[in-house]
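Q: The listed protein sequences correspond, in order, to chains A and B. For the first sequence, counting from 1, position 292 maps to 291 in numbering that gives the first Met the number 0; every step adds exactly one. For the second sequence, counting from 1, position 413 maps to 412 in numbering that gives the first Met the number 0; every step adds exactly one.
Since the hints were made in silico from the structure, they are not lab data. Note that the Cβ used here is the ideal one computed from N, Cα and C, for glycine as well. A few of these clues could be false.
Here are some, though not all, of the chain B residues that point toward chain A, as calculated from beta-carbon distances under 10 Å [what the hints assert, rightly or not]: (1) Cys53; (2) Pro60; (3) Tyr166; (4) Tyr296; (5) Val387.
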Amino acid sequence: MTTDLTRATAAELADLLGAGSVSSREVTRALLDRTAAVDGAVRSYLHVDEDGALAAADDVDRRRAAGEELHALAGVPIAVKDVMATRGLPTTCGSRILEGWVPPYDATVVRRLREAGMPILGKTNMDEFAMGSSTEHSAFGPSHNPWDLDRIPGGSGGGSSSVVASFQAPLAIGTDTGGSIRQPAAVTGTVGTKPTYGGVSRYGLVALASSLDQAGPCSRTVLDSALLHEVIAGHDPMDSTSVDAPVPAVVEAARRADVSGMRIGIVRELTGEGFQPGVQARFDEAVQHLVDAGAEVVEVSCPSFTYALAAYYLILPSEASSNLAKFDAMRYGLRVTPDGIDAPSAEQVMAATRDAGFGDEVKRRIILGTYALSSGYYDAYYGSAQKVRRLIADDFAAAFETADVLVTPTAPTTAFRLGDKLDDPMAMYLNDIATIPANLAGIPGLSLPSGLADEDGLPAGFQVLAPAMADERLYSVGAALEARLAAAWGGPLLDRAPDLTEVSR
Amino acid sequence: MSTTTGERTLSFDEALASFDPVMGLEVHVELGTNTKMFCGCPTEFGAEPNTQVCPVCLGLPGALPVVNAVAVESAIRIGLALNCSIAEWCRFARKNYFYPDMPKNFQTSQYDEPIAFDGYLDVELEDGSTFRVEIERAHMEEDTGKSLHVGGATGRIHGATHSLVDYNRAGIPLIEIVTKPIVATREKAPEVAKAYVATLRDLLKAMDVSDVKMEQGSMRCDVNLSLMPRDGDTFGTRTETKNVNSLRSVERAVRYEIGRHAAVLTDGGSITQETRHWHEDTGITTSGRVKSDAEDYRYFPEPDLVPVAPSRETVEALRATLPEPPAARRKRLQADWGYSDLEMRDVVNAGLVELVEDTVAAGASPAAARKWWSGEIARRANTEGEDVPSYAARLGVTPAHVVELEGLVTSGRLNDSMARQAWEGVLDGEGTPTAVADARGLELVQDTGALESAVDAVIAANPDVAAKIRDGKVQAVGALIGQVMREMKGQADAGAARAIILERLGQA
C-alpha cells in the first residue's frame, strides 16, 4: 500500500479511513496541496472549494470519532464536473453565460455524494455545455493531459479525467452524452463508466441532450469506479427517465473479476481501419488477455453503426437547441445589454446575451438543431435520426444474442495536440465514433487503459459495452483485464506518467 | 392603436345575409390540483409573486419535470366527459419559442398525441333545441408565468418602462379543449359559442376538476372565427380573438368579429390572419400579433418525460367517477319535480338547482321549494348583488326553514300571507318560521263562533251582495270574504269563511 495519500486509490483510502489510520482532513489537505502544486499546469479545476471540502472532511472525522456508522466511501474526497448543480458552489458548464451562477439546489448525484460523506474538492473543467472532445471549447481555457501537457485530456470531461490522472483526486463525477467520460479516460490512462441510461439520476445535470446524457464515475481503477457507481446509482423520483430497478451488483463484479466462460464480442465495424495502429495493437493484446482469463471471443456485426455519427449529430443538436433556450438573461447568469439601442426589449437583451455568452461550438450546434427541428425538415432530419437510433438498438440487441459483452478501442487515436482539430469539427466529431452508439441505445460502457501506443507512448483505451442494466458485466471484464495488464506491466499504467511537480515548478 | 374605437362593422343581420360564420373555440382550463403539472409547488391563486416556485417551474439549469398523476387523471376524466377517445399511449412535446414569462423558453405541451380526441358536447339553446359541438382534442400542458408591464399608461407592453414577471402561475396544469370547426350555426353562432362555454363550465364544475372562474383566468376562451360566403363550402381566413373572459364576452366577441369580417370582405378587402385582443369595456377587438401558418414552434417529443400510457382498466375506473352530465341531471330533476320548462329554466338561471334539490330532499314539496327560494329571498339577494345560495348561506337560512314553513301552512296554522310574513321574519334574522310566527302572533283563528258572527255581520251590512249570491251569482262571494278577513284582522282561514257565507245564503 502506498504512503502518498494522493496516489492511493479510493478503495485504499476507504480502508485507511475506516481503520482510523488517516483522517479525512489529512487526505483532503494532501489532495488540495497537490492541486496547488500541479493544477496551474493541468488546469483541471474551474473552481476549488478548499473551505467546503475541509469542512466536510472535518464533519466526517467528527462523526467517525463519535462512532457513527458511515458509508464505505465516507471521507474520500471527490471532484465534480461543472455540469452538475451544486448548492452554494458555482456551476458554469464551462460557459460565460452561466458565469457567477450559484445554484440554490444540489443535483441528486451531488446530494448522494454529500450523504455518503464525500468531501467535494471542486468543480472540473469541460467543453462548454459538454460540447466537444478536448475541453478546448471551455470558455475558461482548456485542461491539459498529464501525460503531455501539450495534448488534450479528452472531452468534454477533460477536467474530470485529468484531475484523477494527475492525482488531484481519486474520484471524479463525469457525464457522458457521446463519450465524454470514456474518451477522456482513454486518452489519460484512467477508468470511466457511462452507466445504463436511467441508471443514475439526471436531476441537476444541466442537460446537453436529455435522451443521451448520463452521469458516471471517473477513477484510476475499475474497482474505484464500481464503488462510486454504487453511491450515485439508483432510482430517483425527481427524474422521470430514472430506472426503477435494483442497482446492478457492480462492486461485487469488480471484486470477483471473473470472465471465465464469458462471450466477448468484437464489433467488426469498430476495429481496424481508421484506428491508430498502436491503439489497435493494444486492443488486440487486451482481447488475448481476456481469452487467457477464460473468455471466449466471437465476432459480431452492427451494420447500422455506420449511420450513428450522423444520427447523433441530429438528435444531440436538436435537443440541445431546446435545452439551451433557457439561457436568456431573464432569471440568472450573464446579462448583456446591446450597444446602441435605447431601452432594449427583452428579446434584444436575450439576443445580445446569447451572442456574447455562448461560444462558437455551442452556437454551431444550436443552429444545427434549430434547423433540424424546423417544420418541413423535421421528418428528414430528426425523424430519420430517431429511426437510425432504433436500428442501432436493434443491432446491439442482435449482437447481445451471441455475446455477453462487446469490446472496442474506446477512441480511434491517442490524445491529439491542443489546437490540432479545433478548426475541423468533423475530425473532432469522429473521435467519438466508438462511444456514440452506446448513448444512442442507452446501454452502459466502460473504458480502461490498454497500454501505451508504440508510435507516441500515449495511453490507449479499451471499451466494454453491455446490455442495459447489465452494468456489472463491464466491471467483471474491466477488473479481469486490469489485473492481467497490471501484472504484465509490473504496476499501474499511471506510474509511468510524468511527475508533474517537476513541470509546474 | 386606439382601443376605444373599433373598425367599421356591418350590422349582424347584414353580415348574416351574405356570410356564414365558422367558429373554432379553444378553451384553457386550469386544473384544481393541489400541485403544479411538473413539480410539487402549490397552485393557490393570489399568493405573493414568486413565492410558489422551485427549480423545476423556474426552469433552473438541471431541473427536470415529473408529471402530476392527478392532473393526468383529471385530463382523462375531462376527455371521457366530452365523449372523447382516450389515447392508449401519448407523449408530451416541447413547443419552442422565446418569451420572458416562459421559464424554459419552451412550453411542455402535447402536440400530435393528445390524451383525448374525437368527442362532442351537446349544448341546449334558448329555443329548447340541442346543438352538438364536435371536440377535436383535449390535451395537457403547463401555464406560463404572468408578465406585468410597468410605467406605461395601459398596462400593456407598449409604452412600458419595464416589466415584472410572476412565475407562481408557471407550471399550473392546463387542459386545452379544442373544438372542430363549428359550422351551420348562422345567426345562432354567438349563442352557440356562449352556450358551449357555459355548458363546458357547468360540466367541469360538476366534475370538480377546476374552479372554472373566468374572471380569475382559471377558464379562458380563445375564439377563432372566419366567414365564408352564404352557403359556400370553403372556409375564409380566420382571426383568433384572445382574452375573452366572460360568457357574455364570448357572445359579444363572436358577434363583433362577424360584423367586422363582413365589413372588410364586403369592402373587397381581405382578412389578415392574426390574433385579436378583446376589450370587454368597449366591446371591440384590436389587432394583436400577425400569426402566419409559418410560425414554427419546432415541436418535438419531450425527452425528459416518459410516455403517458393509461391502462384501459384505469380509464374505465375513471369513467365510473364521472358525475351525471348537467344537462341530463336537469332533465331528470325537472321530471321528478314536475316543473314546466319555464319554471325549470328560471330555477336553473337563478342558480337554485342545488338548493331546491336539497330542500326537496329535506322533505319539502318541489312547488314549495321553488316558491320560497325564488321569491322574497331572490329579490333581496339581487339587491345585494349576490346569488341566492351564497346569500342564504350568509344569512343562515337553510332548506330546513322552508320545510318548516311549508309544514305550518299544511297544518293549517298559517295561511299564505301569514307564511310570507313568517318568511320575511326568517330573512330578517328573527329565527325559525315557528319562532317568527310565535313572536308576531301569526295564527289562523280556529274559533268558528267568532267567524260565524263576523260572517253574519258582513251579510247584514251588504244586503245587495247577499241577494245576488242567493240568486246564484256565487262568484260575488269574494267581496264578502275580503270583508270577513278584514273583520278578523287577517287571522282567519279564507276557505272556512267562504263555506260559512255560502251556507248562510243557501248555496252550500
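Q: With reference to the structure, classify each hint as holding or not holding.
A: Taking the hints in turn, this is what the structure says about them:
1. Cys53: 8 Å, holds
2. Pro60: 4 Å, holds
3. Tyr166: Holds: closest Cβ of chain A sits about 8 Å from Tyr166 (chain B), inside 10 Å.
4. Tyr296: 8 Å, holds
5. Val387: 47 Å, violated
Consistency with the previously given hints fails for number 5 only.
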